[in-house]
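A.B. asks: If you count the sequence shown from 1, position 158 lands on 158 in UniProt numbering, and the numbers rise without skipping.
Check the hints yourself; a few may be wrong.
Unchecked claim - When the alpha-carbon atoms are kept at most 25 Å apart in a straight line, the in silico DMTMM-like pairs for lysine to aspartate or glutamate are as follows:
#1 Lys-272 / Glu-329
#2 Lys-343 / Glu-251
#3 Lys-343 / Glu-79
#4 Lys-133 / Glu-79
#5 Lys-235 / Glu-329
#6 Lys-199 / Asp-116
As the list claims (entries may be wrong) - Quick list of the computed label-pair ranges, beta carbon to beta carbon:
#7 Lys-199 / Leu-246: 28 to 38 Å
#8 His-347 / Val-206: 43 to 53 Å
#9 Gly-101 / Gln-218: 43 to 53 Å
#10 Arg-276 / Leu-246: 34 to 44 Å
#11 Thr-255 / Ser-50: 21 to 31 Å
#12 Glu-79 / His-196: 15 to 25 Å
#13 Leu-14 / Gly-101: 16 to 26 Å
#14 Asn-10 / Leu-336: 46 to 56 Å
#15 Val-217 / Gly-237: 18 to 28 Å
#16 Glu-19 / Leu-246: 47 to 57 Å
Hints are computed from structural coordinates only; laboratory data are not their basis.
These figures come from a predicted structure and were not determined experimentally.
The C-beta atom is built at its ideal place from N, Cα and C for all residues, glycine as well.
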Amino acid sequence: MNSSLNQQLNQRPLMTAAELKKKLPLPPGVQQRVDQQREQLKSLLAEKDSRFLAIVGPCSVHDREATLDYAQRLAELQERVGDQLLLVMRVYVEKPRTCLGWKGLVTDPQRDGQIDINTGLQSSRQLMLDVIKLGLPVATEALNPHLAGYFDDLVSWYALGARTTESQTHREMASGLPGVIGFKNATDGSIDVAIHAMKAAAAPQVITRINAAGQLVQEAVVGNADSHLVLRGGKSGPNYESASLLKASRELQATGVNSRILVDASHANCGKIAERQVQVLEEVAELLRTGHPVLGIMMESFLRGGNQPLQAGPGTYGQSMTDPCLDWEATQQALLQLAVEVKRAQHQAETA
């Protein structure tokens, strides 16, 4: 068999972003909701809104029913804490891997190693649409630049991870994304790379990307200055304590980028022990009382705590198949207590 024929047999065309959006369109009323959600996030970033941002949800999504069960509970909680917290749900459909492993719902929706990206794209878009219809903004990690256009009308907050923040390709992608972008510090805990990424993404530039019709195009973009630093800890441990926050804020101000900071309560900040996220939230609430420049927090949380092995079957309902998560009851209690602390901080600011 010649190499050209062999290559053709190994290829499988993917639907274009335009084809997927036609199949699973964003209704006008829901589009307005996404626009409003994005504006709310930008207002928080600009300190025009006194609420606290809380980005919460599973490490990765794998089960539609359990994910929407969680989303319904989170939407109901938003009704209770809406004056203090803006809740955004993690709908992470792509997963970065240090070496090998499951790459997420987009790539392997059945978790059986039979890669089916067309099905994964449809499942992921439908899930995001359903979460938005419940009233929640969607957060996700922008990992594969080729796939960003399939969801760019749905996502309100994007993460660029500790490894991709340094990538020029991902910085260019970020410059053309709508919504707010959180750049994570490097795995060693340093923030220089994230600051450089924020500056690069904010600048007008010419980038290459795949458009909705599936063509590789050259595009002039104005840049995206609606970004912020995410502190996720590093090899030496947590980096959300007072000294680290103040140092990071000074460095951000010195370089002219937004100085508000989101604390990732998971990863190295909790030593990868999900239950410790509650302690991180408590300590961040204390920092709020003393006027530290904290924009919000991010938590990995699902219906059941912990995690389970990756499997093609349904597994334990509502439990992560990637990183361990905090259970719903503990999550709800932690967020309710955080709302109390935010209300106190709001009152202090009003009477100062």
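A.B. asks: Just pull the numbers of the violated hints for me, sorted ascending.
C.D. replies: 2, 5, 6, 7, 9, 10, 12 and 15
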